[in-house]
Amino acid sequence: MRKTHIQILSLGIVGALLVMSGCAIDASSTETTAGSDTTEGEAVTLTLLAHESFTPSPGIFDEFTAATGVNVSVVPSGDAGELVTKAVLTAGNPEGDVLWGVDNTLLSRALEANVFKPYKSKNFDLIDPTSTAGIPGNEVTPVDTGDVCINYDIAFYANQNLTPPLTLRALTSSTYKDQLVVPSPLSSSPGLAFFLATVVEFGESGWQEYWQQLRDNGVLVVDGWTEAYSVEFSGSSGKGDRPLVVSYSSSPPAEVLFANPPITEAPTGVASLTCFRQVEYVGVLRGTKHEAEAEMLVDYLIDLTFQNDLPLTQFVYPVNINATLPEAFTKYSLRPENPLTLEPNVIAEHRTAWLDEWTQIVLR
Amino acid sequence: MLTVDDVAVEFGSKRIFDHLSMKLGSGELVSLVGPSGSGKTTLLRAIAGLQPLASGQIYVGERNVTDLPTYRRGIGMVFQDNQLFSHLSVFENVAYSLRIKHIPREIREQLVADMLKVVGLAGFDKRTTMQLSGGEAKRVAVARSLVAEPSVLLLDEPLSGLDGELHARLLLDLSVLLRQRGTTVVHVTHDLEEARELSDRIVDIRLLSQ
Amino acid sequence: MSNPLPSPITVRSPYRAAAPALAILPTLAIALFVLWPLVNIFSRALSWSVIARLAFNPTIRQVLWFSTWQALASTTITLVVAFPATYVLARFRFPGKRMLLALVTIPFVLPTVVVGAAFLALLPNSLHRSIVAILIAHTYFNIAVVVRIVGRRWEQVSPLINDAASTLGGSPLRIFRTLTLPTLSTAIRSASAVIFLLCFTSYGIIRVLGGPARATLEVEIYSRAVQLGDFAGAAALSLFQLVVLGLAMWWWIRSTRGSHDLARIQMHAAVPQTLRQRIVVYGISATTAIVVAAPLATVFIRSISTSTGVSLDAWRLVFGNHVTGLGTRPPLAAFWTSLQYAIATAVIAGVIGLAAAAAIAYGDRSTRPVEGLVMLPLATSAVTLGLGLLITFDSGITDLRARWIMVPIAHSLVALPVVVRTMLPVIRSIPQSVRDASATLGASKWQMWLTIDRSLIARAWVTSLAFAGAISLGEFGASSFLTRRNSATLPTEIARLLGRPGDLVQAQAYVLASLLIVFIAVSLLAVDGLRPDRVAV
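If you're matching them up, the sequences are chains A, B and C in order.
What the first sequence shows, in this note's numbering, is residues 1 to 364, in sequence order.
What the second sequence shows, in this note's numbering, is residues 1 to 210, in sequence order.
What the third sequence shows, in this note's numbering, is residues 1 to 537, in sequence order.
No lab work stands behind these hints, which were simulated from the structure alone.
Small disclaimer: the values here were computed from a predicted structure and weren't measured.
It is possible that some hints are incorrect.
[What the hints assert, rightly or not] Ranges of calculated distance between the beta carbons of each label pair, as one might list FRET restraints:
hint, chain 1, residue 1, chain 2, residue 2, range
1, A, N71, C, F83, 56 to 66 Å
2, A, E291, C, R454, 55 to 65 Å
3, B, E109, C, V244, 37 to 47 Å
4, C, L35, A, E112, 39 to 49 Å
5, A, I321, C, V310, 46 to 56 Å
6, C, W69, B, E62, 54 to 64 Å
7, A, L312, C, G309, 26 to 36 Å
8, A, N71, C, P84, 58 to 68 Å
9, A, N308, C, A289, 31 to 41 Å
10, C, V310, A, D128, 39 to 49 Å
11, C, T76, A, N71, 25 to 35 Å
Beta carbons are placed, not taken as given, at the ideal position from N, Cα and C, and that holds for glycine.
Modelling step: build the complete structure from the supplied sequences, incorporating the hints.
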């Protein structure tokens, strides 16, 4: 009896040690930090830190590696907020070499903490100039943009013989009572973008009243975008009971592309006057041991190969003016002409106070 | 006082005894003897209502208690290893049945003090059960049962595990105490000497079944 | 409250001399991986003015009040709801008992994302984002805590004690009140403290089921640190949480220290005899099984449902190790990663936990603080600790940030309190008389330990290893912050997939969740198969 236990124990320990040693080897060969130099010859492996939504096509870096001899290891973890939080805490001694995915709502936090090593890409002139505003020091480089807008369920409004709401103001009308679901700006990046849209639209002292009216009109606030879009929204897979949702202008093409069985008309539409422009940036992390290689990677990320891959893998718009948009985007989506925007430093200055106020108005 | 009429007990499909009958007069002390496994303890548990009957009836006096739960039969029992309540003091152990009967506190304290004196444990009331010797624990168990004034008291190997002088003294004390109080007792033992010393009548359990 | 037996602490252990040496490893581990990171983050972020500002903030008061009352309510409800199952599992032997015990334990180690998703699917819309949903989920999670901690004590209560009380005129209800409850009170307090701590620091369930309007301290800490970048506020709140929960834990350890399990561990479970007993036992078992299994079944059902009806597509994709369409990583890889982490966690937490439990049980006053130390991870804010680890182990050979070992270390911190709590009662209950007997036969201290203590400890240790492994499999909090996708575990992978729109992606998340449930169930069955006697959580 006792023997068998000893056997189980020793087997367990030996097995565990084997696995651990195996993994340690495995881990050191696939993951390399900025701090550790590579062991095998001159091949450099860059670590690209990104959020979980960074999902480019497999093999997208092969071309880069072939051209430069530099390998890229993508390390996605958490959402953009977690990413910036970690980058701020490790500023100067980063976990990787390049960081993908800080956006204009979070940028100033990173800039204040001096997270990035400024770099002006040799492809800088190819970037749409509207997205380079607000970063005069070239600490980061824009890589993609997206628009957070009210999406509506086309069938719902057709059946009711109603026009969908086209402006933010319309959302407080009793016609649309109990129809809107939004992700919380406290925990969701599109939620924050939508909140900022209302601040731009109604002013720093006007948004409070607007949200009070939204609340009176039955707005449903949920934790995250997925819950809002895939559970509560009636126009997507969840078939919830709210026909209005805060989402992206690229959501309708996504509905078409992922439909099973295939469809030819988008089931959802976008209210173009409600859009807030999000810009995502990439930056070289200060403290990297591979600065030259990291800069090459930034160049590559705004070059055409990578930029053309963006729309269909991540449902964002490329910043490269020569990039081509796939047909699904031009056909099912619209690009708002004058999206609402807000300077990163204004956002940084007021965010905490605004959100505290918002919490008291909407949640309590 | 106690009538056991044609009872049978089964464990699953195994019959421990059947057609067992016995009768005790008021104040009578009867010792049941018999080899291990003959069902002595089982019979006591059946009388107390701790063991369901396969058939038969049990009367306390004129009252048929067969279908009554243990706590309403008025039958006390001293267990082989005492089963004192370890989270309670000696006083609280002895006072347990009195509290259940909602006896007022002053009377309760008096009754317990008297009973502890009777069993030779005056002044032990604050002790924990952990601080008792084997003989003392047994005395507490007896006191705890007697203070409830049961119509019938069942003693299940009450002196096992005690030997020599302690056994003899406790046996004498118990015998005197039970006779003084006129308690009706069924006593189970494998020790014939102990049975002779304590009871009016000694019966081999195997002879009770027809 | 008096003790059923002389407390083993008062009996001086023959291994007293070894206790300080044993205490070194757990003390070092906690100091290195909990205290140092916390000191680091506090010293970097905290200031008196921030503490003062938050102390008078109405939002913080609301958050603190909500954390406390929902934790108290969850604890009370769990005790009541788990009571029938605890009774039946502790007092009776019946076919399927081991399965039922394993089944009720599964929720305890399931990741909150999975349970949250299951309840979202199971509960009617009107209960989404409600306090009711939170309480239901908290209860669901913690039934096992009551069944195991209270049940372990209960099954050692001899039924003869109840017999004795009934011959003294005690009715069943009265016996329950005057004998059973007092006997179980320490175990009930112990279970309550664990549940309170877990619910007070609840994060995932609150986020998924509570909606944005409800925040516990832990949720507020996360939102300040990560969403607002207010490190100072987050640090102040986690210091606050540490103090509150530290006090709660101090009370708990103090109130449970005096009493131990009976020296001879004797089970008194009986086969149900009368018809009434059978109805009670099978009725309660069946109800419990259904209630516990329903959310698990929902997970499985969701793995085979798409908008077009029942389909095994998601299973095919996962087992074909197919690219999910949203990311380049084969989903089954997370399975192997989780398995490796689980084994590593079992070893790390097992070794440290064994040393800690032995140091506490064998030691005297000098090693007592170890008991509080190893419980510290329970009271620590996971987010804050994660950030602390990040800025602590960041240079030279201590740069563990991208190292594989960081995740099992974090999991071990979470598992350590459970491991110690599983081993401690067993080591404490080894009767000194048995050791004395072996000493009279000429055994040296070391031989005495090998022949007596080791064999009695070994089984509890294997049990705690399996527990640590299961905890690692389901751990989500710490790993969500520390893992990188190259080393994503099953729970983080499930969370990632659940965060994506699309039927098929969601279904794949539920496939992985189903696998996780099976995986956890197997390791828990192994736990209870190895030991006929129960395990304390």
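Checked against the structure, which of the hints given earlier come out wrong?
-> 4, 9, 11
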